[in-house]
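Listed below, chain by chain, are the residues.
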Amino acid sequence: MQLVAENLVIERGGRVIVSGVSLAVQSGEALLLTGANGAGKTTLLRALAGFLPLLSGAVRLEPADDDKPLAEAVHAIGHANAVKAHLTVKENLLFWARFLGGEAGAAARTDAALNAFALTELEEFPASYLSAGQKRRLGLARLVAAPRPIWLLDEPTVSLDAASTASLAAIVNAHTRGGGMVIAATHLPLGLERTREFRLQRGGKAA
Amino acid sequence: MQSHSSNPDQRPDHRQGQSLAQRLANPTRFMELSAKLLPAFAGAATAVILYGLFLVFFNSPADYQQGETVRIMYIHVPSAWLSMMAYGLVAVSSFGLLVFRHPLADVSAKAAVPIGAAFTFLALLTGSLWGKPMWGTYWVWDARLTSVLVLFFLYLGLMALRSSLEDETLAAKLTAVLALVGVTLLPIIKFSVNWWNTLHQPSTGFTTSIDPSMRWPLWIMAIGFSLLFFAMHMKGMRNEVLRRRVKALRLADVARRESAPDPVAAE
Amino acid sequence: MNNFLTLIARDLKLAVREGGAIGTALGFFLLVVAMMPLGLGPDLKLLTRIAPGILWIALLLAALLSLGRIFESDADDGALDVMATSPMPLELVAAAKAAAHWISTGIPLALLAPVLGILLNLDIAAYPALIATMLAGTPAVSFIGAIGAALTLKARRGGLLLALVVLPLYIPTLIFGISAVSAVTLNMGAQSGAFLSSFLILIAISLASVVLGPLAAAAALRIQMQ
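Protein chains in written order, with our numbering: chain Z, 1 to 207; chain X, 1 to 267; chain B, 1 to 226.
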């Protein structure tokens, strides 16, 4: 399986942010998206998730799965964590486990994800009690709570300490080892295996 | 289909197989064409309205019931007609923007809204001036006046929504959604206002049969006002296209100044 | 369908835990109704006659205050983006959230209305009609309101703008809601007939907005995701 983006041109607010970018990620591979502020990393990731209309070009999964649109094969982790302060840690994650991955086995997946991100101890607390790093981990825990082949991570390590960053790297490595695909925009060397760098220049061109 | 892709029809460089509407929707072609048409429309509007005013003041009878007040009708009726036609134009343009993504559709919608609002206001104003001698008060909750008032509110909503969004592309599309919601609900609103009116005032005694001697000046004024509307709309669209070009140039300027290598890029 | 109910349940849970929002809307409703006699004078006959209008307008204003909540927090914390990658179409997301708004705000407001009717000397015989019309009309309030909430999500002066955009769209709901209750309170000629026709049209308006509202709201949300 591979994710292919061809000749993407993306415009926002009358300005071309990404111009003519093509990329392909193979099953089992992690692509590190690098580039200066304003180079269009976030825009490119959001376009890959299907949130943005393309001025030209196409994004597709090969071989195509006719049952599901691409968006349903994708985890999009953005700057915001999609965490509700008034729900407990477990309620937050259980909702996404069900909503993104279906009812079957949702509780078990939630428990596994809480465990993977070291949140089990905190599961009964309202999310408003969490620190910024803990909230980020709860946001990232969606990745494990609902299995999907493509992970699009926008600055996943923001607010994470060294230990959490290391365990995130381990989780991402496990995902690619299992045949998953990862595209991550990040400034930090995460310690990921099987990575390739993809550099965006200012003006949204591939370097 | 497991992919998201752009619709090939909306790629900028597909010149072949364009329909007439698509070619007209090309801003450059529009600017060329409108530069020629605008003086013609403006001149025709002036001439027809002057002729119409002559007929209205010197060549049409005073009403046996309404007296000289009836002459307000020659402004009121065309304004009321244009208030609706302008909303129709806004709705069609909005549809063109959301569905076909014509580059000029939003320009057209944006230009038509304030002009439509102005004619709606004129219709309300003249209606109320006409109402004072007729009904003894400037405002009655007559079904038509109320409907026009609601239409005026819809125009205000469109202008307010557009002006409160920073991002112009976003503003254009959201305003288009609101315009289409408005045009969908307009018949229901009109129907409910009529129902409400008959419930509270069984008969207003306001009839619409027009004497043939008044019909001709009314037609002339309606044509003149429509020409005026089109001239103003075209002028509004030209202003908007020019404003966007200036903005694009300034954005390009910002981009050029930023393109010099800077330290952040070295990360 | 499962996801639809899951989302409604989550929004209701959030509405209850955040608490303040429902209480504020109910308090506002009470206050507006209580101010009316102070402005109009304590003439009970007059109040009886205009009670349906006062109750409906106050309900609309109270509901308006809470509409912003429908999408705001999910847009702010990125949850709407995540929902866009779920198997559930955004139209159904919007429908579920509007339905949750109806259950958490529309129904409590409708149930409070008869209590406020006492302040306006509303005829006891009109209570069933009042509750019925409000329950039938408030879905339109929530689902049309969802359009306005989605359109003004990123706007400056969101709250005031929301009122300007949405209130004209509420006119049909208002007219038929009031005329149904008035048909009972004013004992208009063929009473049951007058009530029934208004009531049925009100239901039709609600049903139409249950369809139109999510379509338009989802279109507005998609545009803003870009």
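In short, the hints are calculated from the structure, not lab data.
Mixed in with the good hints, there may be bad ones.
Have a look at the derived ranges for each label pair, beta carbon to beta carbon [claimed, not checked]: (1) B:R156 - X:K235: 26 to 32 Å; (2) X:K36 - B:R156: 37 to 43 Å; (3) X:G43 - Z:A64: 26 to 32 Å; (4) B:L61 - Z:P147: 44 to 50 Å; (5) B:E72 - Z:A163: 20 to 26 Å; (6) Z:A58 - X:L251: 40 to 46 Å; (7) X:L251 - B:F4: 55 to 61 Å; (8) X:T28 - Z:A104: 34 to 40 Å; (9) X:R29 - B:G159: 31 to 37 Å; (10) B:L135 - Z:G20: 53 to 59 Å.
Source: prediction; values computed, not measured.
Virtual Cβ for every residue (Gly too), placed ideally from N, Cα, C.
Verification of the hints:
1. B:R156 - X:K235: 26 to 32 Å: holds, 29 Å
2. X:K36 - B:R156: 37 to 43 Å: The hinted range 37 to 43 Å holds for K36 (chain X) and R156 (chain B), with Cβ atoms some 40 Å apart.
3. X:G43 - Z:A64: 26 to 32 Å: About 59 Å separates the Cβ atoms of G43 (chain X) and A64 (chain Z), which means 26 to 32 Å is violated.
4. B:L61 - Z:P147: 44 to 50 Å: Since L61 (chain B) and P147 (chain Z) have Cβ atoms about 47 Å apart, the given range 44 to 50 Å holds.
5. B:E72 - Z:A163: 20 to 26 Å: violated, 35 Å
6. Z:A58 - X:L251: 40 to 46 Å: Once the Cβ atoms are compared, 27 Å apart, the range 40 to 46 Å for L251 (chain X) and A58 (chain Z) is violated.
7. X:L251 - B:F4: 55 to 61 Å: The hinted range 55 to 61 Å is violated for L251 (chain X) and F4 (chain B), with Cβ atoms some 43 Å apart.
8. X:T28 - Z:A104: 34 to 40 Å: For A104 (chain Z) against T28 (chain X), whose Cβ atoms are near 57 Å apart, the range 34 to 40 Å is violated.
9. X:R29 - B:G159: 31 to 37 Å: About 43 Å separates the Cβ atoms of R29 (chain X) and G159 (chain B), which means 31 to 37 Å is violated.
10. B:L135 - Z:G20: 53 to 59 Å: holds, 56 Å
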